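Peer 1: Sequence:
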Amino acid sequence: MADPKHPRHHGEAFKRQIVQSCESGKPSREIRAGHDIARSTPRRWVQGIRDSGSTRAADNRTPGRNEPVGLRRRNRRLEMEVDVSEQAAPVFARRQA
Numbered sequence: 001m002a003d004p005k006h007p008r009h010h011g012e013a014f015k016r017q018i019v020q021s022c023e024s025g026k027p028s029r030e031i032r033a034g035h036d037i038a039r040s041t042p043r044r045w046v047q048g049i050r051d052s053g054s055t056r057a058a059d060n061r062t063p064g065r066n067e068p069v070g071l072r073r074r075n076r077r078l079e080m081e082v083d084v085s086e087q088a089a090p091v092f093a094r095r096q097a
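Here our numbering is used: the first residue of the sequence shown is 1, the next is one more, and so on.
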């Protein structure tokens, strides 16, 4: 299994291959063991493809659930801008003096 702090990222083709194996009737245990993926992973991919035709998490969330994700992303970017500004302020102050 992958380290929880460093999850693996699988390509769309790999995910669709796993979903196809699941839908063909191959036991989930064999699929997981053969590809070293977590227990819930094939189920999430199958459900995602059935619901929206995609395995991407963003495509499978409702608009109401996408909004907080976007807000967190924006908040992170703004916090980074503030940090950069705070670090740059003394440099600009020395140039003015």
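Calculated from the structure, these hints are not laboratory results. Wrong hints could be hidden among the right ones.
Claimed, not checked - Below, in silico cross-link-like pairs of lysine to any residue (SDA-like), each with a Cα-Cα straight-line distance of 20 Å or less:
1) 26 <-> 39
2) 26 <-> 40
3) 26 <-> 43
4) 26 <-> 47
5) 26 <-> 8
6) 26 <-> 16
7) 26 <-> 48
8) 26 <-> 38
9) 26 <-> 37
10) 26 <-> 42
11) 26 <-> 14
12) 26 <-> 44
13) 26 <-> 13
14) 26 <-> 36
15) 26 <-> 50
16) 26 <-> 46
17) 26 <-> 49
Values in this document were obtained by computation on a predicted structure and should not be read as measured data.
Peer 1: None of the hints should be skipped; say for each whether it holds.
Peer 2: Cross-check of the supplied hints:
{"no.": "1", "hint": "26 <-> 39", "result": "14 Å, holds"}
{"no.": "2", "hint": "26 <-> 40", "result": "16 Å, holds"}
{"no.": "3", "hint": "26 <-> 43", "result": "13 Å, holds"}
{"no.": "4", "hint": "26 <-> 47", "result": "16 Å, holds"}
{"no.": "5", "hint": "26 <-> 8", "result": "23 Å, violated"}
{"no.": "6", "hint": "26 <-> 16", "result": "14 Å, holds"}
{"no.": "7", "hint": "26 <-> 48", "result": "19 Å, holds"}
{"no.": "8", "hint": "26 <-> 38", "result": "16 Å, holds"}
{"no.": "9", "hint": "26 <-> 37", "result": "15 Å, holds"}
{"no.": "10", "hint": "26 <-> 42", "result": "12 Å, holds"}
{"no.": "11", "hint": "26 <-> 14", "result": "16 Å, holds"}
{"no.": "12", "hint": "26 <-> 44", "result": "16 Å, holds"}
{"no.": "13", "hint": "26 <-> 13", "result": "18 Å, holds"}
{"no.": "14", "hint": "26 <-> 36", "result": "15 Å, holds"}
{"no.": "15", "hint": "26 <-> 50", "result": "18 Å, holds"}
{"no.": "16", "hint": "26 <-> 46", "result": "13 Å, holds"}
{"no.": "17", "hint": "26 <-> 49", "result": "17 Å, holds"}
Checked against the numbered hints above, the structure breaks only hint 5 and satisfies the rest.
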